[in-house]
Amino acid sequence: MNARNSFLLVVLCSLLTLTTRAQDPHPISGINMLKDSRWPSRPDGRTVIEVSWENPTSSDAQQRAWVRDAITNSWGKVANINFTGWGAATASSEGIRIRIDPTGHPHTKGLGTMLDGKPDGMVLNFDFLGDFKCRISKEDCIKFIAVHEFGHALGLAHEHNRADCLCNEDPQGSDGDFYVTPCDLASVMNYCNPKWSNHGRLSPNDVVGIQVIYGKPGGSAPAVTELKEIRFIPCTMDVTDKANTLRQLMSKSSAIRAASFTMETKPVPTKVADKFSVPVTIRYFADNDEAKANGLKKLLVAEGYDDDAINVENMVAVMGSTIPDYIEVWTKTDPVPTRTKFDEIRLIPCTAADREIVRLVRKVIDATPEYEVKAFSEEKNAVPQRAADRLPAPLTIRFFHPDDEGKAYGMKKLLALYGYPIDDIAVENMVPRMSKVYPSYLEIWHK
Amino acid sequence: MKLLIAGLALLAAGPFRCTQKEALRSIDKVSLSLHQYPTRDVLRYEVDSSGIAVHLANSGTGFDSVLYTKAASAALGQSRQGMFRFREVRYANKCLEDGQVMTLAYHAGDSTVRRVRFQNYYHDDLQQLVQFINTQVDSTYRIGYNKDALLRGMEACDK
Numbered sequence: 001m002n003a004r005n006s007f008l009l010v011v012l013c014s015l016l017t018l019t020t021r022a023q024d025p026h027p028i029s030g031i032n033m034l035k036d037s038r039w040p041s042r043p044d045g046r047t048v049i050e051v052s053w054e055n056p057t058s059s060d061a062q063q064r065a066w067v068r069d070a071i072t073n074s075w076g077k078v079a080n081i082n083f084t085g086w087g088a089a090t091a092s093s094e095g096i097r098i099r100i101d102p103t104g105h106p107h108t109k110g111l112g113t114m115l116d117g118k119p120d121g122m123v124l125n126f127d128f129l130g131d132f133k134c135r136i137s138k139e140d141c142i143k144f145i146a147v148h149e150f151g152h153a154l155g156l157a158h159e160h161n162r163a164d165c166l167c168n169e170d171p172q173g174s175d176g177d178f179y180v181t182p183c184d185l186a187s188v189m190n191y192c193n194p195k196w197s198n199h200g201r202l203s204p205n206d207v208v209g210i211q212v213i214y215g216k217p218g219g220s221a222p223a224v225t226e227l228k229e230i231r232f233i234p235c236t237m238d239v240t241d242k243a244n245t246l247r248q249l250m251s252k253s254s255a256i257r258a259a260s261f262t263m264e265t266k267p268v269p270t271k272v273a274d275k276f277s278v279p280v281t282i283r284y285f286a287d288n289d290e291a292k293a294n295g296l297k298k299l300l301v302a303e304g305y306d307d308d309a310i311n312v313e314n315m316v317a318v319m320g321s322t323i324p325d326y327i328e329v330w331t332k333t334d335p336v337p338t339r340t341k342f343d344e345i346r347l348i349p350c351t352a353a354d355r356e357i358v359r360l361v362r363k364v365i366d367a368t369p370e371y372e373v374k375a376f377s378e379e380k381n382a383v384p385q386r387a388a389d390r391l392p393a394p395l396t397i398r399f400f401h402p403d404d405e406g407k408a409y410g411m412k413k414l415l416a417l418y419g420y421p422i423d424d425i426a427v428e429n430m431v432p433r434m435s436k437v438y439p440s441y442l443e444i445w446h447k
Numbered sequence: 001m002k003l004l005i006a007g008l009a010l011l012a013a014g015p016f017r018c019t020q021k022e023a024l025r026s027i028d029k030v031s032l033s034l035h036q037y038p039t040r041d042v043l044r045y046e047v048d049s050s051g052i053a054v055h056l057a058n059s060g061t062g063f064d065s066v067l068y069t070k071a072a073s074a075a076l077g078q079s080r081q082g083m084f085r086f087r088e089v090r091y092a093n094k095c096l097e098d099g100q101v102m103t104l105a106y107h108a109g110d111s112t113v114r115r116v117r118f119q120n121y122y123h124d125d126l127q128q129l130v131q132f133i134n135t136q137v138d139s140t141y142r143i144g145y146n147k148d149a150l151l152r153g154m155e156a157c158d159k
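These protein sequences, in sequence, are chains A and B.
All residue numbers for the first sequence refer to full-length UniProt numbering, where the first residue is 1 and numbers rise by one.
All residue numbers for the second sequence refer to full-length UniProt numbering, where the first residue is 1 and numbers rise by one.
Just so you know, the hints here were simulated from the structure itself, not pulled from any lab data.
Take every hint as true, because none was put in to throw you off.
Result set (SDA-like, lysine to any residue): computed pairs, CA atoms no more than 25 angstroms apart in a straight line: (1) A:K133 / B:G51; (2) B:K147 / A:P102; (3) A:K77 / A:G45; (4) A:K133 / B:G144; (5) A:K271 / A:D334; (6) A:K138 / B:G60; (7) A:K133 / B:K147; (8) B:K70 / A:C134.
Part of the chain A face toward chain B, derived, beta carbon under 10 angstroms: (9) T108; (10) F132; (11) C134; (12) I145; (13) E149; (14) G151; (15) D170; (16) P171; (17) Q172; (18) D175; (19) C192.
Covered stretches of chain B (in silico footprint by chain A; criterion: 3 or more residues with CB under 8 angstroms from a CB of chain A, positions within the stretch not fixed): (20) 31-41; (21) 95-107; (22) 117-129; (23) 139-151.
Glycine included, each C-beta is placed from N, C-alpha and C at the ideal position.
Input sequences plus hints: build the corresponding full structure.
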């Protein structure tokens, strides 16, 4: 009998009397963006993107109107973006330039600002001649495809390219580097969506995602904070990882653009550290940077950090001179209170044969009084081979919030206690790969 | 010395060639799928011993409709010739989103022996296959494989 079978037997014996809670299928969802390709916004927070046609004719006026209508009522409606122009392109036209090709396969030549002023940067097909066909009404094909291509034009890569997507489609085009939420099957950018391009309708998480990137209509949230440097200063060695988490969070945020995100490595004298009354202090050194410092605080609060745990401090009066576009983030203690519960544990069996194991894992957790899990969910779709291949061990525990690292390792110990070979269990930190942290959420993969 | 090298080369190449021939003989169908991204439709060209068929299928719903067929007894032999010339499983120009994506597959019975994916990529051997298919099918079903445009796109991507 091998080790894993022993685990099955031990767990079965231990849990014979346990009942299981009802499954709570959790729709996971998201957006996958290439961060540097975000179009810049004006000081009022609005992003204005010029759109022009390379070869418009009077005979395609209706189709062009369909495209404009579809974009205005999708991306343009839910985010702080204004698509302007829509006239004929000239040699010097900026923004998105669209070529109408009656036989071509629709595409964009890159993502977001890579298209800025690029001739034929986007290609759309209105006639579906040649080897690109449309099986539904032309109006629907044109509108649905336009919504997808404009997603690329706003900087969004294919959702199914993400490593955390359970999708059998081959990755295509660029890879994003900024995940707003977990993988979204319903996204207009996901080839695996059973309703291709989600039939031109943005999914709830497409909406959330594009609003994180460009802000809500009329809002000022997306204004980009421009800085020369943000310096992260952990007061003690114990909080270095916490300071690093803040650094990763800010450096991955599309709302912050700093030339450098530096980390202080020298120890901070105790008398200096003692001056801080809250876990995190954001210091600015020029009057004009107060709004920027408050913006950083806002970002942390939006990410789930406690508002009371963060102070903004004006250092202008303390300093003899001002240092514009420079901010310090001091970390004294962990700004997030330690959680003792899980909101959700998602079990992801790579094959049908793995379901038995993940259900036993669930029973083990259920039977352990130290763990209180609000909801278990189990992935119903088959895991593509490439996703399974990326798992570092037969049983992988993934955490999505820095504070859950200890809990993930605790889970590893627990499963080892129940007889699962400890060398076959890996804990994977997903925080650096996500733009947002997901507190109190674990994924347990088995292959 | 030259004789020795030639002998070694023969030893190495002989069985390999034989294996290749056998493998080629076992191929009873070649399919070229033109993905219609971002839709889930696929225009699939199937070549077997009876000839060529053009299907329009959907990878999500299972919809599969034959649009065109033509008897062409020699087509299979021609189509499978290039099988060993594709060394990679994926040829991709990653600078384009969507665009022309094709999957070439070689089948033996119920199994797929080899599958090669082309994403906005020009390959001479694929061009030959496309040209061959285009000579066989009605003009409505000809495949557009634009060498110049694809090469331009690949060059722009490399810069």
